[in-house]
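Modelling step: build the complete structure from the supplied sequences, incorporating the hints.
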Amino acid sequence: MKILTCPINGARPISEFTYGGEYRAMPDPQTASDVVWADYVFNRNGAPSVKLEWWCHTPSTTWFIAERDTARDVVIRSFLFDEMNTQGGAA
Amino acid sequence: MPWRLLRFALSKKHPEPRMFAQPDKLKTSYDAVIIGGGGHGLAAAYYLARDHGMKNIAVLEKGYIGGGNTGRNTTIIRSNYLTPEGVKFYDASVDLWKDLSQDFDLNLFYSTRGHYTLAHTDAAMRTMRWRAEVNKHYGVDSEVVGPAEIRKASPQIDLSCGGHSPILGALYHAPGAVARHDAVAWGYGRGASMRGVEIHQQTQVTGIDVQGGKVCGVHTDKGYIATPKVLCAVAGSTPRITDMVGLRTPIYIHPLQAMVSEPMKPWLNPILVSGSLHIYVSQSARGELVMGASLDPYELHSTRSTLDFVEGLSAHMLDMFPFLSHVKVVRQWAGMADMTPDFAPIMGKTPIEGFYLDAGWGTWGFKATPISGKTMAYTLANDRNHELIEGFSLSRFAQYALTGEKGAASVGH
Chain G
1 MKILTCPING ARPISEFTYG GEYRAMPDPQ TASDVVWADY VFNRNGAPSV
51 KLEWWCHTPS TTWFIAERDT ARDVVIRSFL FDEMNTQGGA A
Chain Y
1001 MPWRLLRFAL SKKHPEPRMF AQPDKLKTSY DAVIIGGGGH GLAAAYYLAR
1051 DHGMKNIAVL EKGYIGGGNT GRNTTIIRSN YLTPEGVKFY DASVDLWKDL
1101 SQDFDLNLFY STRGHYTLAH TDAAMRTMRW RAEVNKHYGV DSEVVGPAEI
1151 RKASPQIDLS CGGHSPILGA LYHAPGAVAR HDAVAWGYGR GASMRGVEIH
1201 QQTQVTGIDV QGGKVCGVHT DKGYIATPKV LCAVAGSTPR ITDMVGLRTP
1251 IYIHPLQAMV SEPMKPWLNP ILVSGSLHIY VSQSARGELV MGASLDPYEL
1301 HSTRSTLDFV EGLSAHMLDM FPFLSHVKVV RQWAGMADMT PDFAPIMGKT
1351 PIEGFYLDAG WGTWGFKATP ISGKTMAYTL ANDRNHELIE GFSLSRFAQY
1401 ALTGEKGAAS VGH
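Which chain is which? The protein sequence lines are G and Y, in order. Position one of the first sequence corresponds to residue 1 (this note's numbering), numbered consecutively onward. Position one of the second sequence corresponds to residue 1001 (this note's numbering), numbered consecutively onward.
Quick caveat, the hints were computed from the structure, so don't treat them as lab data. Source: prediction; values computed, not measured. Idealized CB from N, CA, C, for every residue including glycine. Mixed in with the good hints there might be a few duds.
[What the hints assert, rightly or not] One side of the interface only, derived from the structure: several residues of chain G facing chain Y at Cβ under 8 Å:
{"id": "1", "residue": "Val35"}
{"id": "2", "residue": "Asp39"}
{"id": "3", "residue": "Gly46"}
{"id": "4", "residue": "Ala47"}
{"id": "5", "residue": "Thr70"}
{"id": "6", "residue": "Ala71"}
Set out below in structure tokens:
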């Protein structure tokens, strides 16, 4: 992957972006047990797959979601987080 | 062509004895199965057979022996860590390293060079002092030195690093060493094979049978094996294996790249590391500079190489050694680093009976090869974590009791 498409700024070289890790739903910190919270804080889906990930276009500080195959390093699509409910599907 | 060579080209008999036997077929059961034929897996097999009398063992390797991170690291061996758990563990490893060539009757080219971790900021100097004090407390030879000592050890260095990140001092660790990494895998492989361990290359694990919370067998592309004990020592493939048994871990995978220069006359004796410039460098016995930097910036399961890496690392090398500007880079490669949140490994027993982990070796696994083999062999044979690895268990995360080793990583990742 050498080019990533920012939903605001369009296709830009990968050096302009910062990786923010896989998108994960946060359990409610008020009600989550210690075990559930530790699982959220530490554990990751480490195996290769198609994942929804946080990325930031650094010069414009635009955070957005990209769907990427982490085995082949191919971005399938990218969109703003606001569109998560319509675009994101089951995350 | 010499006649001797031609004769062996025509004959089926190999002129040299093979390093290890190549068994034809998997047996239907083993006392233990080790997944991963790298240094760690083979070392565990070696010590299981030698020290614990367990010889009915299969080592399964999907590629070839030592073709993973064992043959992709930058071969640095040191024990100047930050946490008491880390210092004791890696120091026990250095002790084993020193005798390993004798042990194997195989020259590992183990070469003690001295290891300098350069500090360019006051904050880095503070961490160096901290590490030096922890090291001294546990009897490890480390001390903080100033720019004059660094210049004496490496007269070619530009102590101002181009004027923008002057070197204030360093953590000097005299036992720092390099070794020939693939010979380590061969030495352990030969030693294990001689004692009856079967090494099956080109054999991929496709599933693990767990019944009632207990391991009972392993599915491979060459057939099914019944076994009560499985050791997972697969570095960057760890999440694929732990997914097979439904175990959640904090491990995430980033590529780590390295490169070598063309060979030069010997000029760099010590191993130099700069956290701020993201460099570790030593000169190999062949004269090549072996250079590494920080992790690639995002998750990826591929050993591809990038130009960004070569450009970035070369620029920083020139900050330190401007006279290298005409030297060519001849090779670059990558390995898959299985990173953990606290930069310490994940070792020992798991909630699944008979499933043992030797993982989370990220960017720091090669130096630990002997001691991880020895402690994992003890853990498998006795079904009890060895005391040296108690701080590295998977359960530390659920207990919020991390073993913070990030300050001892070579470079800021």
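Hints breached by this structure
none
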